[in-house]
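Build the full structure now, drawing on both the sequences and the hints.
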Amino acid sequence: GAVVSQHPSWVICKSGTSVKIECRSLDFQATTMFWYRQFPKQSLMLMATSNEGSKATYEQGVEKDKFLINHASLTLSTLTVTSAHPEDSSFYICSARDAVEAGGGETQYFGPGTRLLVL
Amino acid sequence: AQSVAQPEDQVNVAEGNPLTVKCTYSVSGNPYLFWYVQYPNRGLQFLLKYITGDNLVKGSYGFEAEFNKSQTSFHLKKPSALVSDSALYFCAVRFDSNYQLIWGAGTKLIIKP
Chain W
18 GAVVSQHPSW VICKSGTSVK IECRSLDFQA TTMFWYRQFP KQSLMLMATS
68 NEGSKATYEQ GVEKDKFLIN HASLTLSTLT VTSAHPEDSS FYICSARDAV
118 EAGGGETQYF GPGTRLLVL
Chain E
225 AQSVAQPEDQ VNVAEGNPLT VKCTYSVSGN PYLFWYVQYP NRGLQFLLKY
275 ITGDNLVKGS YGFEAEFNKS QTSFHLKKPS ALVSDSALYF CAVRFDSNYQ
325 LIWGAGTKLI IKP
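Those sequence lines, one after another, are chains W and E.
Heads up, the final residue of the first sequence is numbered 136 in this note's numbering, and it's a clean run with no missing numbers.
Heads up, the final residue of the second sequence is numbered 337 in this note's numbering, and it's a clean run with no missing numbers.
Hint data in this document are derived by calculation from the structure and do not stem from the laboratory.
You may find that some hints are simply not true.
DSSO-like, lysine-lysine: derived pairs with alpha carbons at most 30 Å apart [stated by the list, open to error]:
hint, chain 1, residue 1, chain 2, residue 2
1, E, K301, W, K58
2, W, K81, E, K336
3, W, K31, W, K81
4, E, K332, E, K246
5, E, K336, W, K72
6, W, K31, W, K72
7, W, K58, E, K246
8, E, K336, W, K58
9, W, K31, W, K58
Values in this document were obtained by computation on a predicted structure and should not be read as measured data.
Listed below in C-alpha cells is the structure:
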C-alpha cells in the first residue's frame with residue numbers, strides 16, 4: 018500500500034516551454050501533497066504544500082507564478098514549471114500523506130521523482 | 225530553532241558488520257521522527273518512524289532506530305549490513321501542524337563486500 022507515482026520520470030525541454038509533472042496516490046486518498054526539489058548531492062528542499070481543493074502554500078523564495086500547483090482531486094496533484102529555463106533543471110519529487118492512515122497520517126510517501134533538463 | 229542534524233556525510237561499513245547512521249534533532253514539543261532511504265536517481269522510500277510508544281522502532285529491510293529523548297537522537301541501526309543497503313539515508317522530523325518535515329542533510333552509506 019501507500020504507493021505514489023510520478024509522471025514523467027524524465028523530461029527534456031527547450032528553454033521557454035512549460036512542463037507539467039503529475040503526482041498520483043495510487044491506493045489512498047491524499048489530502049495533502051508536498052512538492053520538493055533536490056539538487057545533486059543535497060537534501061530535499063520543500064517548494065510547496067498542497068491541500069486538496071485549496072491553493073498551495075509556497076515556501077519563501079519559490080515563485081508561485083513559475084511553479085503552478087494544482088491539487089484538484091484527492092489522488093492527483095500537478096506541478097507545472099512555466100517558461101522553464103536551464104536553472105530550473107533539477108530533480109522534482111512529490112510526496113503525499115494519507116490523512117486516514119492509522120496514527121494520524123504522519124508519514125509522507127514519496128513518488129519516484131522527475132528529472133527535468135531544460136536546454 | 226528547529227533542526228535536524230546528520231553529522232556524518234558518509235559512513236563506510238564492511239558487509240556483515242553492524243551499521244549506525246546518526247541523527248540528532250532540535251524541535252519544540254514531542255518529536256515525530258522519520259528515516260527514509262534514497263537509491264540513485266530514485267525517490268525516497270519510507271523506512272520507519274517514531275511517533276509515540278516504544279523507543280525502539282523496527283522498520284523495513286531489517287532496519288531499526290532508537291528514540292533517545294535525553295540525547296535528542298534517533299540513530300538508525302542494522303545488525304548486519306548488506307551491500308544492497310548502500311544508499312543515501314535521510315532523517316526527518318515533523319515541523320508543524322501542516323505535516324511539513326525538516327530534513328537532515330543526508331548520509332551516504334557505503335557497504336563494502
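Okay, the hints, checked on the actual structure:
no.	hint	result
1	E:K301 <-> W:K58	holds (22 Å)
2	W:K81 <-> E:K336	violated (44 Å)
3	W:K31 <-> W:K81	holds (21 Å)
4	E:K332 <-> E:K246	holds (11 Å)
5	E:K336 <-> W:K72	violated (47 Å)
6	W:K31 <-> W:K72	holds (28 Å)
7	W:K58 <-> E:K246	holds (18 Å)
8	E:K336 <-> W:K58	holds (20 Å)
9	W:K31 <-> W:K58	holds (25 Å)
The earlier numbered hints that this structure contradicts are 2 and 5.
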